[in-house]
Amino acid sequence: MTQPEKSTGFAATDVLATGSDEPDTVEKAEKSPDELQPFIDLGLKDDEYAKIREILGRRPTASELAMYSIMWSEHCSYKSSKVHLKQFSEKAPENTRMLAGIGENAGVVQISDKIAVTFKVESHNHPSYVEPYQGAATGVGGIVRDILAMGARPIAVMDPLRFGAHDHPDTARVLPGVVAGIGGYGNCLGLPNIGGEIVFDPCYQGNPLVNALSIGVLPVERLQKKEATGTGNIVVLLGARTGRDGIGGVSVLASATFAEDEAEQRRPSVQVGDPFMEKLLIESCLELYDAGLVSGIQDLGGAGLTCALTETAAAAGTGMRVWLERVPLREASMSPTEILASESQERMLLIVTPENLDEVLKVAEKWGVWATAIGEVTAAAEDGTPGRLLISWNDHVVVDVPPGSLADDGPIYHRPIREPNDIMLLQADRAETLPRPGTGDELRETLLRMAASPNLCDKSWVTEQYDRYVLGNTVLAQPEDSGVLRIDEETGLGVALSVDGNGRFARLDPYEGAKLALAESYRNVAVTGAEPIAISDCLNFGSPEDPTVMWQFSEACRGLADGCLELGTPVTGGNVSFYNQTGAAAIHPTPVVGTLGVFDDVARRIPMGFPKPAKANGDLLFLLGETRTELSGSEWAWVTHNHLGGRPPKVDLAAEQALGKVMAKASKSGLVTAAHDLSDGGLAQVLVESTLRHGVGAKVTFPEDGNSAFVHLFSESAGRAVVVVPRGHDKAFLALAAEHGVPVTPLGVTTEEKVLQVEGQFSIPLDEVREAWSSTLRDLFGGELAGRNAQPAVVEAPVAVEAPEAPATEKVQSITLELNPQTPGGPITPQS
Amino acid sequence: MRIGVVTFPGSLDDGDAARAARIAGAEAIRLWHGDPDLHGVDAVVLPGGFSYGDALRCGAIARFAPVMESIIDAARGGLPVLGICNGFQILCEAHLLPGALTRNQHLHFRNRDQWLKVEATNTAWTNGFTADQEILIPVKNGEGCFVADPKTLDALEAEGRVVARYIKGNPNGSQRDIAGITNEAGNVVGIMPHPEHAVEALTGPSLDGLGFFTSVLRSLAKDGQLAGGQQ
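Protein chains in written order, with this note's numbering: chain A, 1 to 832; chain B, 833 to 1063.
Everything labelled a hint here was simulated from the structure, so no lab data went into it. Some clues are possibly wrong.
[Claimed, not checked] One side of the interface only, derived from the structure: several residues of chain B facing chain A at Cβ under 10 angstroms:
| hint | residue |
| --- | --- |
| 1 | G842 |
| 2 | F941 |
| 3 | A1030 |
[Stated by the list, open to error] Subject to a maximum C-alpha distance of 25 angstroms in a straight line, what follows is the list of computed DSS-like cross-link-like pairs (lysine-lysine):
| hint | chain 1 | residue 1 | chain 2 | residue 2 |
| --- | --- | --- | --- | --- |
| 4 | A | K699 | A | K615 |
| 5 | A | K612 | B | K1000 |
| 6 | A | K612 | A | K754 |
| 7 | A | K650 | A | K661 |
| 8 | A | K615 | A | K665 |
| 9 | B | K1000 | A | K754 |
| 10 | A | K45 | A | K31 |
| 11 | B | K1000 | A | K459 |
| 12 | A | K754 | A | K459 |
For glycine and all other residues, C-beta sits at the position ideal for the given N, C-alpha and C.
Taking the hints into account, I'd like the entire structure generated from these sequences.
As structure tokens, this is what we get:
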């Protein structure tokens, strides 16, 4: 079959070469089997198009073609990644906590008898490059609706972000827009932003990575399903009206690489967010759940109505009859194809019983949200054959398909895999052989230079644009190792979350790099004292059509699956983002891992800042884990030599687990008052961050163990943390570490004097460290006050306050979980 | 004591304000924007958030909500009302307080732990503080830059109606570093930073925010005694 020379784009697919004004219908499709269809412009391959014709026994209508192109896109069908992702299930460690896993909108993990949490990390990379503010904003909105669809109240977000070189002009366009978009959406939604990453590397030029994680909490029995069960049940579209935004977002935008100048033309494919509408949508959905009015629910995000209709029907094996003209539109002239393909935000699809419909509409009206019955569930055939999805528009039947063929039976590719030719050379070019600073003065200068470097510097210019306090349950937030949330005020039940990745390590060795991302995320959670229990992953890679990228992807998946099996932390869900590539230049393979940990009592969380010393001669500092000469892929090699080569640090997951056990026990027995994991920038960076947090100095003495002061300061060996142990607790702590076989190195003491001293090497006043560390992003991206109040506030975070005198009141209880709808005028009753 | 907390569509810190009221020892009562009934509350908090999506201007729509008609009347009659962040914006839009809150000078949303100096300690919401007491509570807003004409600013200062000023750095460019003000009677207070986020050791930078809520309970108790004595 030949192609029409040029398609005018997605929206025009209803208008056929025959020039008819009416939409393409099933009837027309049957009558004109040889109609030329623009399937290649929609991202479909010849054999995929042939398969569609085979499934339908005719050519698809224009609407059907659009639906297949969307659902069979890389983004929706995982056609290149599926064969690798299945390891996450095959190698899943045994566990009894998981209530919903891979394939659901988000994984759900039970954390107490009554309470479960759901969390997931997802990418919104391509839209955020094209239109940074809306791309990033709708990334937050999308992941939050995934959480909502599981029956949970969303309670926080996190954002791992990666940009091109810090001083590239396009970074000055992308970064401020992305940050403002995340803040603009999340703040307005009332969700605290509790952590993330901000990484600069030229490999992300033109392909910024904007990943978003959200977490929600639900009573176990409120878990929602997406199945469209019950013949005769009503299909309700809830939320914003449908517009022309985001058409083709998942197919033409997220599942293709861009030429250099193409981003501008793709802008109409980016959705536009309305966080106020999403806030109302959240409140109305939660009220509907609590009233038991919902039989099935699915969010509309990428792939819009097409995805929601086909997935809900396919999951139940039922059919569906939908009247498309009932969908409330922002623009009356939208064609049926556009309505089906629109990725307008802030919409949910509900399946409700006919007797509940009035109640559902009432709740929607209370919150001022559109709710429209657009269809009904139809029966499967008597022989058990799943039902069909039949969609009409003003009496024209435009779609008649088996929903499973779209949702489940997409193509699966075993893409060719080839180890990159350059990997041997790259690994042979070790950073351990680079010239190193030797004298105390050189080390001092290196530490300050590193602290001021874009990847290690103070990120508060970004994080101050996010609300971290709303909902009142944020126990720790950035720049801490993990975000920590209180879940239940009555019992103190809480969670810790950290998201981490290291593209350089994964570039050097994707298998080990994926494990290192997992190890760092695990460790960040463990050092707070929480028990890591599950992960979500966002796998950011170049084009799957490049065999070397597929090699990186398959190695990373294998590494992550093996690592999760060893650590006992199952993958609960996640997302794959391919085509992060401009021309032939792919990004570093960047698996990002979000680890969830649990606290029985969140009051025992361990923060990262050195506290004011309990005694005049200081608290004791110890290093846990083993320091080796591991500099390849390190921040030091990158900042001081612009070097990437060698093999990444060795990862020992058993050692990570042992470290985690020590920290959990130390937290329970109160032996440790602060802890900070070692990763990018090594010990030097930990000393910078932990001393500056509360303006407490440190006096460090390195042991005579064969490592130079330089290696002690800048090596990035995994499996390490610095802990603060008040005098008197040291014997117990050392015994605990010994019991778990975790090596301990005494490092020195914390000091009242605001100076960072490394014995025999250098000494730097904290003010000087702070100056180096804190001005980088502000200088790059601006935004300080002009005029008389130009001085930025330099406020050291106060040391955690002591527990208050018990005020004259009864015990405070959680209002996070709205188990009972609150009535206006009634007391706001404490709930558990 | 019953402290009402209003929920507008888009209110975000309503739960936090209710929690703070409870920790201070009050009973928190939910008030709904569409319901003019104040349910006999002794004081009202207008919480932070983005009421009505900040459509038109922050607080411009909320001011016309049915519940606000009752609150405006009651406030003129002496009901203690605290507007936090978006609540402050609503109080200005409702003309219960002078001036306006405009876009932060640096044009960014900013969230940080902010030092304030409490000045007016004769209001319903700040009588538990000492004059010039320095407190640390979170600030978080995109449109928190307080502006008024010079005459109004002079009058606010002359009449001792500046409730708190930013110290150790002004986070949004507010004129004369003003973070909060009160009306002439001292029963209506608007403040941009968030006292309700500084009421627990576990989640806040301090416990300094609790003073606003304990103050109102104290002033209600005192008024109650006075009222009783007069009878």
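Going down the list of hints, with the structure as the test:
A distance limit of 10 angstroms between C-beta atoms decides the matter here; for G842 of chain B the minimum to chain A is near 5 angstroms, and the interface restraint holds. Nearest Cβ of chain A to the Cβ of F941 of chain B: about 5 angstroms, under the 10 angstroms cut. The hint holds. Nearest Cβ of chain A to the Cβ of A1030 of chain B: about 9 angstroms, under the 10 angstroms cut. The hint holds. In summary, the hint linking K699 of chain A to K615 of chain A is supported, as the alpha carbons are separated by about 15 angstroms, within the 25 angstroms threshold.
As the CA atoms of K612 of chain A and K1000 of chain B are separated by approximately 21 angstroms, the hinted pair is consistent with the 25 angstroms bound. For the proposed pair K612 of chain A and K754 of chain A, the alpha carbon gap of about 11 angstroms is at most 25 angstroms, so the pair holds. Between K650 of chain A and K661 of chain A the CA atoms are separated by roughly 20 angstroms; this keeps the pair inside 25 angstroms, and the hint holds. Between the alpha carbons of K615 of chain A and K665 of chain A the distance comes to roughly 24 angstroms, so the proposed pair stays at or under 25 angstroms and holds.
Note on K1000 of chain B and K754 of chain A: the hinted pairing holds, with a Cα-Cα distance of about 19 angstroms set against a maximum of 25 angstroms. Distance restraint check for K45 of chain A and K31 of chain A: the Cα-Cα separation of roughly 24 angstroms lies within the 25 angstroms cut-off, and the hinted pair is therefore satisfied. For a cut-off of 25 angstroms, the pair hint linking K1000 of chain B to K459 of chain A stands: about 20 angstroms separates their Cα positions. For the hint pairing K754 of chain A with K459 of chain A, the CA-to-CA distance comes to about 22 angstroms; that is within 25 angstroms, so the pair holds.
When each numbered hint is compared with the structure, no violation occurs for any of them.
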